[in-house]
Amino acid sequence: MSDDQTGSRRFRRTLASVMLVQIVTLVVLWLLQRHYTS
Amino acid sequence: MHALNWVIVVGWLAYVVVHGIRRSTGTKELSGYLQANRSLPWWAVGLSVMATQLSAVTMIGTTGQGATDGMRFVQFYFGLPLAMVILGVTLVPFLHGSGVYTAYEFLERRFDAKTRSLTAFLFLVSRGMSCGTIIAAPAVVFSAIFGWSIAWSVAIIGVPAVLYTMVGGVQAVTWVDVKQMILIVTAIVAVTITLLVQIPVSPSDALHIAGATGRLRVFDFSFSLTNTYTFWSGMIGGTFLMLSYFGTDQSQVQRYLAANSVDEARSSLLISAYWKIPLQAMVLLIGVLVFVFYQFERPPLLYNPAHERLVRQAQPAAYGALESRYAVDVGARDAAARAVAEARDHGSDAGAASAMQVYRARQAGVDTVRTEALALAERVTGQPSRDVNYIIPRYVLDHLPIGLAGLFIAAVIAAAMNAISGELNSLSTATVIDFYRRWVRREAPDEHFLIVSRVATGVWGVFACVVATYAVNLGSLIEVVNRFGSFFYGSILGVFLLAMMPGSRALGAFLGLLAGMAAVGAVNFGAPSVSFLWHNVIGAVTVVIVGTLVSAAGRLAAVASEQHGAPRRP
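These protein sequence lines are chains A and B, in that order.
For the first sequence, position 10 (counting from the first letter as 1) is numbered 10 according to this note's numbering, and the numbering increases by one without interruption.
Take the position in the second sequence, starting the count at 1, then add 38; the result is the number in this note's numbering.
Rather than coming from a laboratory, the hints here were simulated on the basis of the structure.
A portion of the hints provided could be inaccurate.
With the Cβ distance kept under 7 Å, some of the chain A side facing chain B (calculated, not the full set) [claimed, not checked]:
1) F11
2) T14
3) L29
Computed list of chain B residues with no C-beta within reach of chain A, every gap over 12 Å [as the list claims (entries may be wrong)]:
4) L42
5) T96
6) A189
7) Q236
8) F334
9) A352
10) A365
11) R376
12) Q421
13) F563
14) G592
15) Q601
Cβ coordinates follow ideal geometry from the N, Cα and C atoms, glycine included.
Based on the provided sequences and hints, a complete structural model is requested.
Written as structure tokens, this is what we have:
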């Protein structure tokens, strides 16, 4: 497999995990607000 | 501060300088000095990109903002991941693939020299001044806390950073950034854990107390052009700001141009997308926890010790009366906060709700006395007395265990050095590549440009330190500079967007840039309450519309002149 293909695969994989981390972070922040802000 | 804390701070500064200079190997040619011969791994570039934008203001100002205002500031960064993804598939391949040293060099290849020179000039003016303010913010705090002169505070932060940046170029900057990021994250995690141990109620009770004062309110879904901290301002305005900053600002672009391939460059940007929001939330959470900590420990009436001394000397009776009221109100609030925790521990919802109401009333009483004390300080000193930047340093020095305080102070200095070293490196690059080599001396041996780059780094470093030294007395000028920066940030993004559109022409880009800045200027003076986040949207959209129309008019004129047999312009 060429370096280009490896790099592109890593980029796509990183991109997917970035989106996952953002969604998890936003959900955690939303739960924090919802649970503790009265 | 305890001697061991000083040993940690001085030891870290010495390590950073030695490490930076050792990393200067391989910088005997211009490409090595400015781009590390495009050899840096993506993770190092990514950490360096994050380090450059994490300044001392983040460590002391943002944490302080968490203590006074809560978590809502994090919305400012909501657009960042999206911006990183957009840049990864659009601008980064263009810039990295074109083999340029600076983002502005790319604009001359695509358009013309005047567009390149104007954008590079705007970068130098705004970044040169902002570099000074980056040093000034922590220097003023250190000066007030430790009693140092401003010049000495500036030197402690500025001199090591100038030294290793001047000698080692982008390699030194990147590798030192990596080490300093490790220190900063370690300090943030260590302080968070310490706070959780120090607070005398459970973490859940602590969060309930913080939540009762609205400090855990993160999301504001209202749509407002005047409020910077809303979900929509962050998502729309923030995306444009981050696109401008990471896509067109040489201090960021230079980092990822040093990566060894397009994929490594865009992967490095995604590290910021990964960590920025969680890291920023954690920084704000430290502030929130410090607020909770001070519910059970008597906080200073004025956090700025220099102002406290002056007010005590000038108005001893008035300040004494405020201190007496403060002691009573803080004591009552402490009791109310403990009552909230006890009611919750006993599982009584009605009791907890009623205790919470009492607590809120006591907190309002404390806030009233603080507001009066800040107003008194403002009358006595003649300076703005907002002391948000002093909350965390006072907590660190008064309440953190020996060793950890030194670690945190070293992390604040590290954050300041990261930010200025990246900026000095990029200021030097733009000066040499976009002006010296373009307009003064086009042909010369590589060693000559290398020497000029080092000299330029040193000169910008001295300039930044001088600006920082006088920044205390230049409050309004600094604000003007910051506003000036927001005039053109979005407009420069617009020019780069035009550069990627096939039909755009040089005249369209240049006139679009002027129109974008004029539009932002008109909004700024006509409707000053509009948040600066929206300036980026207005600037970029205006440039693209005007640039496209002028380019289209140019193409039509060319076709018309061809049809009338006029000679075609080259």
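Holds or violated: is the Cβ of B:A352 farther than 12 Å from all Cβ atoms of chain A? holds (41 Å)
Check on B:T96 being off the interface with chain A, judged by Cβ distance over 12 Å: Per Cβ check, B:T96 is outside 12 Å of chain A; nearest 17 Å; holds.
Under 7 Å is the threshold here; is the Cβ of A:F11 close enough to any Cβ of chain B for the hint to stand? Hint holds; A:F11 Cβ to chain B Cβ min 5 Å, cut 7 Å.
Is the nearest CB of chain A more than 12 Å from the CB of B:F563? At roughly 36 Å from the nearest Cβ of chain A, B:F563 sits farther out than 12 Å, so the non-interface label holds.
At 12 Å, judged by beta carbons, does B:G592 keep clear of chain A as stated? Holds, since 37 Å exceeds 12 Å.
Given A:L29 as an interface hint, is its Cβ closer than 7 Å to any Cβ of chain B? holds (4 Å)
For B:Q601, is the shortest beta carbon distance to chain A beyond 12 Å? B:Q601 clear of chain A: closest Cβ-Cβ about 45 Å, beyond 12 Å.
Minimum Cβ distance from B:R376 to chain A greater than 12 Å, as the annotation requires: Holds, because the least Cβ-Cβ distance between B:R376 and chain A comes to about 18 Å, which exceeds 12 Å.
Once the closest CB in chain A is found, is it more than 12 Å from B:L42? Given that every Cβ of chain A is farther than 12 Å from that of B:L42, nearest at about 36 Å, it holds.
Verify that the Cβ of B:F334 lies farther than 12 Å from every Cβ atom of chain A, and report whether the claim holds or is violated. At about 18 Å from chain A, B:F334 clears the 12 Å cut-off, so the statement holds.
At 12 Å, judged by beta carbons, does B:A189 keep clear of chain A as stated? holds (42 Å)
Is the Cβ of B:Q421 farther than 12 Å from every Cβ of chain A? holds (34 Å)
Comparing the model with each numbered hint stated earlier shows that all of them hold.
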